Structure formats: C-alpha cells, structure tokens
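S.K.: Sequence:
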Amino acid sequence: MSHESSTSDVVLIGAGIMSTTLGVLLKEMAPDMKITAFEQLGVAGGESSNEKNNSGTGHAALCELNYTTEQPDGSIDINAAVKINERFQLSRQFWSYLAKHNLIENPQNFITGLPHMSFVKGGENVAFLKKRVEALEDHPLFQEIEFSEDPDELKEWFPLIMDDRQANEPVAGTRIDDGTDVNYGELTRTMADYLESEGVNINYHYDVQDIKQTADGMWELKIKDENGAIGTHKSKFVFIGAGGGSLPLLQKTGIPESKHIGGFPISGQYLECSNPEVIEQHYAKVYGKNPPGAPLIVVPHLDTRYIDGKRTLIFGPFAGFSPKFLKTGSNKDLFASFKSDNVLTMLAAGAKNIPLMQYLIQQLRLNKEERMNELREFFPDAEDEDWDLKIAGQRVQVIKDTSEGKGMIQFSDTEVVHSKDRSLAALLGGSPGASTSVSDMVGLIETCFPEKLDAWKPKLKEMIPSFGETLSDKPELIAKIKTSTMKALELDELKK
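So the sequence shown is numbered by the working numbering: it starts at 130 and just counts up by one.
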C-alpha cells in the first residue's frame, strides 16, 4: 500500500489493547471517521497486550496489596485501590457493550470469572492484611471481601499454598469471588478484526520512523513497509499507543511535552506449570507482598490462567533488566532514549535507584532451583520437573521530575501525554495497563476531542452507563453494573 499523500482523521500507532480500544470507541461514536493504524508486527496485540506477555489479571485491587499502603500512623490508604477498581468497572461495562452488540461473539474466549485472593505469612504481614480488610470492607466496591486466619479454611481456598506448610507459622488470606482472568491478546485481536470490518485500515509490518507537525497543523508520518519502501501519511490526530515504543516516537515529535521524560525498561519472566494434576488443584489468582527491594510491580502471585481455551497455572513475576523497550526491540533502545533535555533526569533516576538495579541484576542471575525456591515460598510442594521458565513482555516505566524530586520512576500508573493543541497524544507507562485501557482512552477522548463531547456523550453513556459518575457513593449503581456485566460477559458461568 502506498501512503504518499494519503490522509486520515485519526492515526493509531500500534495495534495493541490501547489503540484498538480507542479505535472502537471512536468508530462507535463517529462511524464516518477515517481511522488508519500502523503496526510493526504482523498481528494485533503482539507485544505487552499478548496473553503470554502479561499476567492476565483484571486488575481491580481486589487482591493486589500494593494498591493499599500503610501510613506512618498505621492507617491504610485505600484511595489507589478505589481508583483502580472504579476504572476497571468502566472496562467491564465497555466489554459488556461489545458482547451485547455481537462485536464479541463469545466473551468466554477472553474473560473468565475467577476468585481473586491474597496470601501473607508472618505476624507483621497478617496484621497488615487484617487492617487492609478493615479499611476496605465498608466500601461498596469491596464489601464482598472475606478474611481468614484459619488454616483449614485457607486450605479450602488455595490447597496448593497450604499443603505441608509449617503449622506454627502465622498465615492469613483474603478472598473476593468477583475477580477475572482476562486474555487481553484475544480481546485485542477481536477488536482489531471488528475495526477492519468497519473500514479501518490496519497496516501490519509498517514501521513509523518519524512524526512531525506541518505548518497547517497536520501530522506527517514517515513510514517504512516490510520491503523497505518509504512513504508518508498525514493525519489530523495521532495516538501513539505503541507500548514500550511510545517514548521514542513521542521524542521524535519534538513537542515541549516530550521533554524531560525518560523510560526505564523492566523485563519479566514467569514459571508455567506443565502438570495437569497440579493445575487442577488451584483455581484463583493469589497475590502476596512484594519482596524487600523489589519494585512495586514485582508482586509474587500464583495464577490460574486460560490461554487458547486451555487452563494453566503460572507463578511470577521474576524481574529482569534488558535495554530493549519492546520484546522485539533493539538493545540500543535505552541508550537512544537519552536526549539533551532528559539526560539529567535519567542520570538522577539511576543514582536514586542503585538498590533497584542490584535487585534486577540479582533476579537475572537466578538459576532454576533458586526460582523454584521462591515458588516454594508460595507452594511448598512444587516439583522442579513440573515447571518451565517463560519470558514475558517488556515494560517501560516513566521517569520524570516531580515535586518529590528529579528522576522519579513512576511504577503505579499509566500516563497520557498530549500536545498543547491536543492533536497528538501518547500513552506511557506499564501498570495497571490493559485493565484500565477503557478509562485511559475515555480520558484521552475527553481531553483531545472536547468539541465533540456533547454530541458523543449519549453514545458514551450507552457504551459505559456509569460514564461521568463516581461509583464509590452509589452502591445501588455498583450492584446494577456488577449484575449486568456478569450476565453480558457470562462471568456467572464459572469454568471450574
């Protein structure tokens, strides 16, 4: 396909969960909008969105302890947990709309109802978990949370974790049955197929090499196809949703908002179980506390997964370091991201995070037995021959200067950066990522298409009934949404 002199209303760079979500939202609200997408790989959702490159957790803060923090006075701050949960509710509503309108024929191909649990050991951690539950249980989004210190009850919840565990060791767990396992790769591919059926041209094996704004306010993209041919494409609006590849592309735009920002890549690995008998004994996502010195995104968890319709079991993540910004990227990515405007920010981040680098190096050096020993902290009877090491995706965490200091690594959220004229936006960061893709993209639409909002609001409310409302103070609306989304997504039909 030649892109000389071709134009679009919107260009999506990358065909992952973020770009396809934005594409479907825009196409539903403005069917005549001309949207074009460019993807380096030969398939949608091939990088971080791919089901084998992430944990598949529908992150709603039901079990992830890092979203609730203990304050100096001993109280538990639940604000981040509430925010994450509310954002995930938007995703469930939007996916329900897709299912109700047959944009998704079989929801169970990408989402499964699965209990979300937490597990801790040791007196201090048990006390923290109890306080966490006390802080959450009165909130309408978390009222179904259960807490237990009873080893017999915990053995019913997660037998693999409790079998052959020392009887004198304090343990505790929480459980909420409203959790999910999500195949984000399948969801992404389904939305990409729908976009193509609606006339969106998704160009695979196309590499965007440069982005510049022209005098008329349009954005001109320099593009190379798989044969090395160079072309150009112009667009009124550009969304850079290229995962780890977003930062280098944002830097190419030259906009002031791209300055003083860096990226810190973290690679991931996990153990996958190959023994069907073991897999059948665990049915939950169970999260623990992150180890001392580990970044907040490195939280150990033992997870039931559904991939390609097959039930499996994974444990991880094991962190590592690679200078690549994408799993399919280049070892030059990190060094190429150093610019005159961000070098001090990047160096400050390096100086402040020497213990983190030491932790990542230590993780890289782990052998199979050392990884198995970490698994046995969760699952005491794990056998070496039942588990294989797999490589997950790359995450690039945002580095920027904040009120807390220069060169701060942002572990706890994704971030949308947009040009002053709102004609270009880029999504940076890696967590919670896919789970909050709908919230992120709705926020982008509100920011970058304000003149369209009045006309689009009725459709937005149809797709996301709670759009524009805060759920925390509306328990009746929460109950209504949970009931409707469970039905539409067939989450009441558990596979166990």
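The hints are simulated quantities; they were obtained by calculation from the structure and are not laboratory data.
Predicted, not measured: the structure shown is a model, and the values here were computed from it.
From the three backbone atoms N, C-alpha and C, an ideal C-beta is built for every residue, glycine too.
Mixed in with the good hints, there may be bad ones.
Stated by the list, open to error - Now the in silico label distances, taken between C-beta atoms and shown as ranges:
1. 251 x 535: 30 to 38 Å
2. 259 x 551: 29 to 37 Å
3. 351 x 259: 55 to 63 Å
4. 327 x 351: 20 to 28 Å
5. 326 x 597: 28 to 36 Å
6. 535 x 385: 55 to 63 Å
7. 327 x 288: 31 to 39 Å
8. 544 x 439: 58 to 66 Å
9. 459 x 439: 29 to 37 Å
10. 420 x 294: 13 to 21 Å
11. 326 x 294: 20 to 28 Å
12. 603 x 385: 38 to 46 Å
S.K.: For each hint, tell me whether it holds in the structure or not.
M.R.: Each hint tested on the structure:
| no. | hint | verdict |
| --- | --- | --- |
| 1 | 251 x 535: 30 to 38 Å | holds (36 Å) |
| 2 | 259 x 551: 29 to 37 Å | violated (46 Å) |
| 3 | 351 x 259: 55 to 63 Å | holds (57 Å) |
| 4 | 327 x 351: 20 to 28 Å | holds (27 Å) |
| 5 | 326 x 597: 28 to 36 Å | holds (29 Å) |
| 6 | 535 x 385: 55 to 63 Å | violated (18 Å) |
| 7 | 327 x 288: 31 to 39 Å | violated (47 Å) |
| 8 | 544 x 439: 58 to 66 Å | violated (35 Å) |
| 9 | 459 x 439: 29 to 37 Å | holds (33 Å) |
| 10 | 420 x 294: 13 to 21 Å | holds (19 Å) |
| 11 | 326 x 294: 20 to 28 Å | violated (52 Å) |
| 12 | 603 x 385: 38 to 46 Å | holds (39 Å) |
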